[in-house]
Every structure is written in C-alpha cells, then in structure tokens.
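Engineer: Going from the first sequence to our numbering is simple: count from 1 and add 23.
Please keep in mind that the hints were generated in silico from the structure rather than gathered at the bench. Among the clues, some could well be false.
[Claimed, not checked] Lysine to aspartate or glutamate pairs mimicking EDC-like chemistry, simulated, CA-CA at most 16 Å apart:
hint, residue 1, residue 2
1, Lys553, Glu504
2, Lys205, Asp82
3, Lys424, Asp248
4, Lys86, Asp202
5, Lys291, Asp279
6, Lys369, Asp411
7, Lys375, Glu276
8, Lys284, Asp385
9, Lys310, Glu325
10, Lys216, Asp202
11, Lys161, Glu100
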Amino acid sequence: MKLKNSFFYTLRENVKDEDSQSGNLLVRSGMIKKSSSGVYMYMPMGYKVLKKIEAIIRDEMDKTGAQELLMPSLIPEDVYVQSGRREGFGHSMFSLKDRFQKPFVLGPTHEELFVMAAASKVRSYKDFPFNLYQFQTKFRDEPRPRFGLIRVREFIMKDAYSFDIDLEGLDVAYQKMFDAYKHSFDRMQIDYKIVTADTGVMGGLLSEEFQAVTDIGEDVLVLCDSCDYASNIEVAQCITNENTKVEELKTIERVDTPNAKTIEEVAKFMHESADKFVKTLLYKTDKEVIAVCVRGDAEVNETKVRKLLNANEIELASAEAVIAATDAKVGFAGPIGLKIRVVIDKQVATMKNFIVGANTTDFHLKNVNMADFKPAFVADVRQIKVGDVCPKCNTGTVSFKKGIEIGNTFKLGDKYAKALGLEYLDANNQLHPVVMGSYGIGPGRCLAALVEQNHDDKGILWPRDIAPFQVAIVVINSKVEIQSDAAAVLYSQLKEHGYDVLLDDRDERAGVKFNDMDLIGIPLRITVGKTIENNQVEIKGRRDTEVMIVDMNDVYHTVREFFKR
RNA sequence: CGGGACGUAGCACAGCUUGGUAGUGCACUUGCUUCGGGAGCAAGGGGUCGCGUGUUCAAAUCACGUCGUCCCGACCA
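Given the sequences, and given the hints that come with them, work out the whole structure.
Structural biologist: Here it is as structure tokens:
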C-alpha cells in the first residue's frame, strides 16, 4: 500500500478516555476509534491486523475439519428462554422489540442457534462427528467496559461447537480444538497460559481458559513453581495439610471484646494471631442466606461457595440480613447457635480451640471446636494464596500472574441437547442426547493483548505475522527522483516476493515518517535517502538499534534473512 | 447499581472562583524558508462552550435537571 492518498492518520498525544497502553496506542496509531463506551470502529490499518489474526485462527480451524458458517446476531428472545439462559445472562444481554412488540436479543454467545442448526441434519449416529464455527459479532452489555479492546460491549468472536454421540467422541473433538488453539496463539506469538476455570453461565463439565499474561489482566492465574499446575484463582483448590495435635479444651469461654469487629481488631485486643480465629461471613445467594467460615487469615472464594450451593448468584449479605441472622451487629457472627446453614472450610475443620464470634454484639467465644456446632457442609471454600502449597504436586508453591482471557474451551456435555431436544438414534434404535463442546476466541482481545505485551515508548512492536505490514519503505524526499524511483523498485520487488509492504511516499519530514512507522509498529523499515546515490539503502528492524547499510541488489536477500530469524 | 470526577475546535487543555469580546498548543489551509528522528515565520479556516430549564439586562461561567465519558467498587464468558 502506498501511504500518500490513503486513509491513514496518527495522533501525537494520548487521548484521555483510554485507560490502557494498548487502547491508547491503538487509538493514537489510527487503528481503532471509540464510538461509544465499549464500542469501537476498526480503521483500515487496525482491521488489517484483525484480519491477519482471524486468518490464522481460520486456518487452524479448517485444518481440524471444522466448517465455517455465519449466524445472525438478531435472535428471538424465546430461544434463550427455552435453554434456560435468559435469566442467567440477565442485564448483560441487549434486548429489543420488533415493530410487532416481539422480543429479540442481540446474541451474547450462540450455543442455542448452533443446536438449532445441528437439528437440521442430525438424525442418526452416522451423522457424527462434526464441528461448526463462525466469526461473528457478539453483544454483551458489560456494566463497565474498560481497557480499550479488552472489555467491550460489541466484539467479534470466533466460536466453534462440536457435536458427538458420546463423551469419548467429545474428548477427541475437544483435544483437536485445544491443539488448534495452542497452534493459533503460538503463531500469533502471544505469551499465554492455559488454566482450568469455572464453567460459569455456560455450564458443563470442564472449562479451560487461554490467558494472555499482562499486568492489566482481570483474571488471576495460579501457577506452580515446580509442576505444570495452572488454574484460574476462581477454581484453584486449596490443600489442607494442617495436623494439629493439641488437646481439645471442653469449656467454651465467653470473652468481652467491645467494638472489636474485624479479625485484626479482635486479634490485637486478645493478643492472639489471626490463624487462631475463625471468621464467619454471611452471604446471600438466590436461594438463601448462609454463613461461611474460614480461618482468620484466609479469604472466602465466592465461586467455590456458589458452586457448592449450586446457586446462580452470590454476594455478601447486607448489614440488615446479618443482624437478622445473628441477633448481633456486623462483626460478631459465629457458627454456634446460628439459625441459618453454615459452610465450614476444610482448613477450619482441622483447627482446635479456636475463637469465633458469639452472635452477640461485642462478644467472642474462645476454645471452640468442631463438635460445638453442626455445619451443613465441610468443603474447600477458601481462596488460595501466594506461597500456598501446590494442589497438584503437593510440593511446589504457587505464585500469581494476571491474565486476559483470549480463548476458552468448554466440555458442555448434553446440557444444551437436553434443554433443546437435540437427539439422535443409535445402532439399536435408541434415542440419546447429543454431546457438545464449545470453543471461543476473541480476536480483538488477542490484538489488544499483543499490544500490551509488545510495545515500547515509541509505539507498537507487532509480531511478524500480525503486523499490518511486514516492511515499511520510507522515502526521505519523494521529490528526489532517484529516491522515489528506487523506492518504487523495492516496493514492487518485495510485493512480488509475497511481502506485505507499506510505501511511505508522503510529503512529510523524515522524522514524522520515522515516528509514524515506529508508532504503528512495522517490524522492518527500509529507508531510501541520500545513500541511494551509492546504490545503497538503510534497513532497520523495529526492535533493533543498529542500522544496516545494504546494497540495492541485496535488499531482498536481507529482508528474507530478517524474517527467518 | 453505589461512590467520585469530568464534558469548551479533530486531539490535549486554559477560561468558570468574582456573569459582559471564546482562547492556547498540536492537527488543518495558503505563502516563503527549511528538509535524515514529530521544522520556522506569516496569514487563515474551523467551536450549538454536551443538552434542557431556570435566575439575570446579560450565562461557557450561577442553580436545577438530563445525557455522555472516565475512575473506584459491585458485576462479568
């Protein structure tokens, strides 16, 4: 592409309404523009990058034998009511009505429609397996869009759905997708981790997330320093190795602890360390108010509690609800004598002679033991911490990294087939529900994550296969014929060899062109200037500081070598 | 949804306290000079001051409302 007369612009300053480096660099480089909160335009250069990412994913998908199709975004609301997900999505689904007042939604994900599509074909076990995918716009009304393209309300997703007759078939299909995802992200040169995750609103048997590692990531990844354990913190299990051999004291002691509400305050007041305490937190789910007890120095993992209770929603109970359940002010809840059900963390079950709230304002109880109350559940409900022992190898310790979810794979099982009646006949003429998997990648998030991971103070550093152009030819003075002629020769030559080449033939000063090419992150720059009088040009990698002086006749060779390394 | 901040030219901002002519830098147009890391000088073009209502002789400026954007939290594939 020749830059003169093409739609291209850059901004010299950051914009104020972008809160991430990737968002700002993408806006400044003229690749995207915000149209409203969490909704972006892709400008030609940005769209070119997006298409390169899509091309890699499409190539890997096609290699697995999956078939591409295209679904609508506008979907009758009833489809989600039937699958039972209308409620689950709640306000995050954009909904609207047609002129006859019939309710529609803008699809946030497409399991339901793919089930309907599959139903057109599926009759017999002989119809399997197959895998369908699309690149299509999704709509999710996020409460708080942020970080440029990371958390948006309208975005393109590559979503794929596998259909099999049984779990063994699903395992095969899943592995194929899993490998295709790894190949895709490897080709994009994203720094990523694969972690096990919560299945959330998707439901099903297994969820694994592909997480791009960056500081602005919204997910916490738990990684082991000695084995390959990797998990989203939401579902990271905690091992309880405590082995207390202390004698249980039989008498509970009531202690006056005026105004000491937090563990920190009570611990200080009683001169005991936090791990001698059990803290009791009250949660409100869509079903009940429930108490959750963890050791004083631990935190509750709400995802674990929600899954344990099979609830859809969970939040900390209001002060009124706490007072109603405990007959005490907030800060004095304990497991003894509560009217509501109690969940005890496994770690607490190993403790002896601990201290709990007395369910009486300003009082705590000492020397409490498990025998003193009846929990509804004893389960792993605490949050893993940095330095905890690895739940997989039980020898290493875990550390945290932040990640952006760029892909997610789900073993759905027969949940959707059952809800929507997708069945097939087996060889014995028996009906069975179809077994499904679903697999998503956010190309826009990949793009943003790549910028987060690859930039410097001058701009973006695109990986070779993602860059909008691989080579930029900068003509120092396009009015000098010998320069523009030489640039034109190189331009055609490199294009003939299959390179994506940008010719900066604008009537701008050299500094402007250099800065723009650095900003938009073209991996290799060829400068045609004064040295052309000696039949030489300059070649410089975006990440390099050294400039190579190369004879015109050796340019192609040098470019080829550069992209080999 | 709770708390907070901000809406003035394409971008970044000043002006608002104390009401009276709408400004600066970048970007844009023209001319001259300059020309290898975001040029200089000169002359220009571009703004319903987010929107509405009110107060006032007079509102970018004061009051109320509303919409939008951003931040913290809640929420979230």
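Engineer: Starting from the hint list further up, note which numbers the structure goes against and sort them upward.
Structural biologist: The structure conflicts with no hint, since it agrees with every one listed earlier.
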